[in-house]
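Grab the two chains, each in its own frame, and use the hints to assemble them into the complex.
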Amino acid sequence: MTQDRPIEVVPHPEAVAILLSQHTGAICKPLVNKRDRVTVGQMIGKADAFISAPVHSPVAGIVKDIALQSHAVLGRELAVIIETDPQADTAILPACDHFKASFDESAWSAEQICDAVRNAGIVGMGGAGFPTPVKIEPNPKMPRDTLIINACECEPYITCDYRVMLEWTHQVIAGIKLARRVLGCKRVIIGIEDNKPRAAEVLREVIGPAGEIEVVIVKTKYPQGSERQLIRSLLGRTVPTGGIPPMIGLCVLNVQTCAAIAEGVVLQRPLTHRVVTIAGRAIAKPGNYYVPIGMAVGDLVQHCGGLTDPAARVILGGPMMGMAIADLSTPITKTSGALTFLTRQEVTEAKFQQRQTACIRCGRCLTVCPEHLNPTRIAHAVKAAKMDIAQDYYLTACIDCGCCSYVCPAKIELTGYIKTGKVLLARQKKTIPS
Amino acid sequence: MLSKITVAPAPHIARSHSTQSIMLDVILALCPAMLAGMWLFHHFAVVLLIACIGSCMLTEWACNWIRRKPNSLDDLSAMVSGILLAMSLPPALPYWAAIIGSVFAIAVGKMVFGGLGCNVFNPAMIGRAFLTASFGTLMTTWTVPATMDAQMPTLRPDAAIATTQATPLAWSKEAIKGKTDASVVAAQRWDSFVGQVGGCLGETSALAMLIGGAYLLIRGTISWQIPVSALLAAAVCATIGFLINPARYMSPDLHILTGGLLMGVFFIATDPVTAPLSGRGMLIFGAGVGGLTMLIRMVGEYPEGVMYAVLIMNAFTPLIDRFCKLIPAGGKVNG
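Those protein sequences? They're chains A and B, same order as listed.
For the first sequence, position 49 (counting from the first letter as 1) is numbered 49 according to the numbering used here, and the numbering increases by one without interruption.
For the second sequence, position 160 (counting from the first letter as 1) is numbered 160 according to the numbering used here, and the numbering increases by one without interruption.
Hints listed in this document are in silico derivations from the structure and should not be mistaken for laboratory results.
Accuracy of the hints is not assured; some may be wrong.
[Unchecked claim] Here are the computed lysine-lysine pairs in the DSS-like style, where the Cα-Cα straight-line distance is at most 25 Å:
| hint | chain 1 | residue 1 | chain 2 | residue 2 |
| --- | --- | --- | --- | --- |
| 1 | A | LYS411 | B | LYS4 |
| 2 | A | LYS383 | B | LYS332 |
| 3 | A | LYS29 | A | LYS46 |
| 4 | B | LYS332 | A | LYS419 |
This is chain B alone, in the form it adopts within the complex (with noise of 0.2 Å):
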């Protein structure tokens, strides 16, 4: 009997939560916005869901297993890299595309670097860059939802494109070119919300988006600092945009409820590995998302600007958590 006691260094218990089940909470964030996803793009959010966190979660294996390192499939990042990749995807793209896509996110975005807790930059957000380098047309293809058309388009892509439809943010981009008036986009305010206009297949619907926030929230998995200071930024630089000229720049609630932000401040600048470490870092880091997107937006030639925005404070993280360097309760010491 007493040989089956057992020393470890202290303390002796923990909290029962694990990466894994910190990966799983994020999955179940997910999953109101991939059943949005499944209810406005039909057949499309499935190949796409499945082409990402199949070929994912492949890579990793492939990778792990040519560097003869243990399996770490178990941890379900490169799943949660897989829904998040798909979901910032558009409806259309072909399933080949969102394959090489993944393999770029997860071989190029983690592994290289050492995988999971090593990587720089978000995974999903270097395959999603990797693949508007590469399949310009197709990345800016924006399918009209099911339930706006009774004739779905079908996967064949001359059928796509003839369905399909600029995006809330595209029209916004006219608007400040002068094309057109900003309350274009806002006529379809409501539509933003629950979904129906065209974009990314996990971004159309603010209220999906919303729903997994807050329930990453209220778990804790994700700290309140980055959604929180990457809005306030993105509704400060909105609101002066729109008292600036109303016509030609649109409502600070359309930016927020129009393309990737919630998605961008919920589940791609949240991630853990790529954000800064402490709470003041990541208040700086959340500003910086906000900021850069609408800098973006409003000022730059893509209509959108969260990728670019998350990918760029990625880069600063490791400055942000040497200058945000904690003060120990009792002081800084002499000497």
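Same shape as in the complex, but just chain A (with noise of 0.2 Å):
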């Protein structure tokens, strides 16, 4: 496992592919164009919308071309595609060292806090990617008096929050603090897993006595790092079905979103480089990188030695959750928190084998569905194109965990066709092109 690896600053690739739609939302316009040149953390994109994030470049370079590449949610999205010049290129390291414990959030107003935040294209890098302006920005309808920090990981395999909380936990503790000036909350709850005794330790030692900052240790299973399951654990309420936490008076805040509020607003940095988890038996050297938002998943195989033998799957993400790739060259987005790499054996003792059958109504998906859902009912209204049933059967209150797909004995999808359900019913909305 990778827990015990070091963040590694990987050098910047020949050239960088920035997606132009990293987030919930509007999917921005590019700034630059082609054969312009473009300086380390320049804004190459943005939208006006409310709910948008803007780009920045992460090496310094030419514009080589504004085309579509591979996305590993949407298909094929627009991206802006930089060659590095290595004569002005600098290597962009870790901001940790810049963080101390005597910080204080009182020399930055919340409206200063707000426009960096916006500025610097911070969206929530646990995997869902909403703006984290949008969320911390003070709101009179939804009044929020809980802060609380996402220090779960999602999945399993993946390490990089965890390293992030021992390596860089000064920048951590400031982006919470950043976070609770301009929210206001009285309350801040760190929830961490009981597997990370050590991430707990240090993050206590650096809060001190004080206990303004409570650490509160929540059992490890998955899916603990899901938002609504996390606030269920820690105060034991419940966001409405079809809700977000701001309806019950709580922000949740990831760890390195917390690490990029405090780069963004006290080093004006954009969010360019993130850490990512590189796992799995079929990667030469797994680890946890510090990686270039808009390097190609291939380059960052070779950086990492290129993959053994029974490679079988490149999954980013992890493997409850994260997409299957076909194409190396997809880049690593904002919420790329991990890369998982499954040979043939991790994923065949489970999949490749066993012979799907029918529904024998088991009810095992109904019993882990931490949704409580009916799974199997809607994977199969889905299949037999009954949407209405589908959606009597709250086909959208899913969070798309994969708990029903991995008990269910008889080896259905039932992840796969949930998720082409909501697919279905969007387009029948009309809220996506088909």
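Below, the structure is given as structure tokens:
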């Protein structure tokens, strides 16, 4: 496993492709043209919509093209492709050394922090990619009393947030303090799984005995890193179906997002690099890497010593929710917390050999569903194109965690059907083009 | 090397169990009962098991072949149905009757609905119900276990009939009718526990059924709701009867130990295909099975009621599923 591998800085590749859609919300419009020269941290894409986040160049170089690139979720999407200029480019190192225990957030006003977070293009780095400024900006309709820091890894295999907590502790705490200042929350809770005692210890040491920020240990179980589940574990409160945490007065931020907030506000450095866990048996050098956003998966594979022989699946994300990709030119985005390389054996035992049978109605999917849904009913309704039944059984309340497919003895791709159903439903409602 | 990379929907890992391994678990759990059957009824047990398992599997293969469907024998569900049917038949039933029951169980009870996962009723119980309706006398002829009698009856029908005895539940029925006293059955308490009484091949030994049921519960192959609520419902009904008139109604522990109740609650009612999906639904279903069984035993004309109780509750399963629709963790959505 990779939890004991320190964060290693990856040198900039020859070219990067910055996707113009790396977040929930409006897709950015490019601000640069072909053959333009860009500098490190220059804003290269922006949208005027409220729910959006600008994108920046992680390298200095020349815009080679603005073209379609593989996107793990959306298929193909516009990206700004930048060729790195080795003369002009400078290495970007993690900013953790700039932060000390004596950090005082009162030097910045709430407006300053909000503007800085907006300009830095910060989005939720746990995976959903919801623009952070929208989450932390004061909203009189939805006052928030508690800030929850999600320090649980989203999935097995992923260790990037753990390493960030260990190595960038001061920076994370600085980010939390800045977010708290904007939100005006009385209570701050860091929810951390009980398999990371060292991280909890380090965080408690830095916070000190003042106890303004609580560190609460929760059970290690999947999907504890899902915000709805974490809220339930920490506070025993439930976010309404189809709702979001601010409706019950909460704001949930991921630890790496907090680190990015600190960097964006204090150093005015936009979000251009992130820590990615490279995991699985099918990669020669697994570990935690500080990667420029926009680097192709293939370049990263080369840096990590290449694939080992029985490589069977390349997953952008973790093994439970990650997207399997076929095109290794797919770039890393702001939300890519991990790249998992599974060997045939790691997948085979469960997935390749066993034949799919009809649903035997054993009800295991109902037992494991963290949202108390009826996955088999929804999946079979989607399969039969009966969207009204699927909706009646709360298709849209599914959080895509994959638990139902994981336990299904009949090996039915329940999560796959449910995700397909959500896309079909969105098309029916014409919210996305077909 | 890159050409070997595959894509598939998430999740990319899964638990290693399968439909086949679940069926195998059930077969393993039935082993103590099968061994007990062989110990008690010698070759009768072997003949019945071979006839039922063989013809169930052959029928499933033939139905698939006729429908040009892929062979589904490797999911082992036909084998489970075969064993369950054999276990619920009287030991001296001629092999040809067992074969007729098996063919009906699989062809009409399961394959006409579309095979595994689609049947409404438990196939083994459909087969048994068909045999009960067709061969009433053969289905109520109970051989004396070999361990009780020095002379093991032979396969010849006249010899088998010559050495039969009433089952504990038949005695219980006589007691309810006032022809005898329920204490007759109470004397057979220990014999019912180990299986030295008349009865169906697999259901005589309560001990073997308890071992199998415990195995399934510990392995998580069946959920606890159906057995627990069925046994509770049965115990409550039996207690009421016992308190009213202990001379006519036998005690709850005897009701649970005798007849097919233990096999019913651990192996028949827990058939996932024909039981409700949700835990709440399973509780209702189990209570229905337990309650109806006792209703038939104590009020109805038949001495035993597990089969009809399970079949009736199977018919209610879709209704129970609709009634017990889950509420999402975040509550219902308005509008």
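Here is how each hint holds up against the structure:
1. Pair hint A/LYS411 plus B/LYS4 holds up; C-alpha atoms about 22 Å apart against a cutoff of 25 Å.
2. For the hint linking A/LYS383 to B/LYS332, the alpha-carbon distance of about 24 Å falls within 25 Å, and the restraint holds.
3. With a C-alpha separation of about 5 Å, the suggested pairing of A/LYS29 with A/LYS46 holds against the 25 Å cut-off.
4. Between B/LYS332 and A/LYS419 the CA atoms are separated by roughly 20 Å; this keeps the pair inside 25 Å, and the hint holds.
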